[in-house]
Amino acid sequence: MISCPKCKQTLPDFVTTCQFCGAQIQGVKQIQAVHVDSDGFEHPDTTTGSGLSGEWVRRIYYGLGIFWLLTGLWSILDITVVGPASKGTTFQGGVAYIFLFILVIRLGLAIGYLMRASIAKKVINVFAALGLLGALLSLVGSLMSIMLVGPFGILFVLLSLLDVIVNGGIMWIIGESERPDAFP
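Heads up, the numbering used here is the position in the sequence shown plus 11, with the first residue counted as 1.
If you're looking for bench data, these hints aren't it; they were derived computationally from the structure. Keep in mind that the hints are not guaranteed to be accurate.
Said to hold, decoys possible - Here are the in silico distance ranges between beta carbons for each label pair:
id, residue 1, residue 2, range
1, Pro95, Val160, 38 to 48 Å
2, Ile109, Gly145, 15 to 25 Å
3, Lys133, Phe110, 20 to 30 Å
4, Ala34, Ile116, 31 to 41 Å
By construction, the Cβ of each residue, glycine as well, lies at the ideal position given by its N, Cα and C atoms.
Given only the sequences and the hints, what does the whole structure look like? Please build it.
Have a look at this one:
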């Protein structure tokens, strides 16, 4: 985008005359604000974003972070206490240790996300992208399951849609959180 030297209106790069005042616009430099991110890299200014205020971005950011943290804690409790107790056994090793290790890493990432650590947000973004891909594939499968299991298939579709919304929301809010006004 360029700015008209006479009336200061913002115009597309390719115009030769200002549509507002008719001034000739030849050789005017592009205007582009630069934002230095917390990781030290320069990015184009992202103040426009979705149009949400910084306060709403913070609310959604922390809401999704707390949701991620609580679901991780619940999963750990489910593997170690609730699941074995419902079967009348105690915590079994083997594969459960692998899942427990992954969930502990997830908790660490959720805490890093809530502390706005750049590396945690990048890793979570990758996990969310993979989760979104899996959720979309699950959505296709659950749509087909309606033919097999009838009304229960609708429940599978709704759960897959929730998974798409959460993973897509995490990716979106991580991008929104990089705006300068999101966390002043």
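Consistency of the hints with the structure:
no., hint, in the structure
1, Pro95 with Val160: 38 to 48 Å, "violated (28 Å)"
2, Ile109 with Gly145: 15 to 25 Å, "holds (18 Å)"
3, Lys133 with Phe110: 20 to 30 Å, "holds (23 Å)"
4, Ala34 with Ile116: 31 to 41 Å, "violated (59 Å)"
When each numbered hint is compared with the structure, violations occur for hints 1, 4.
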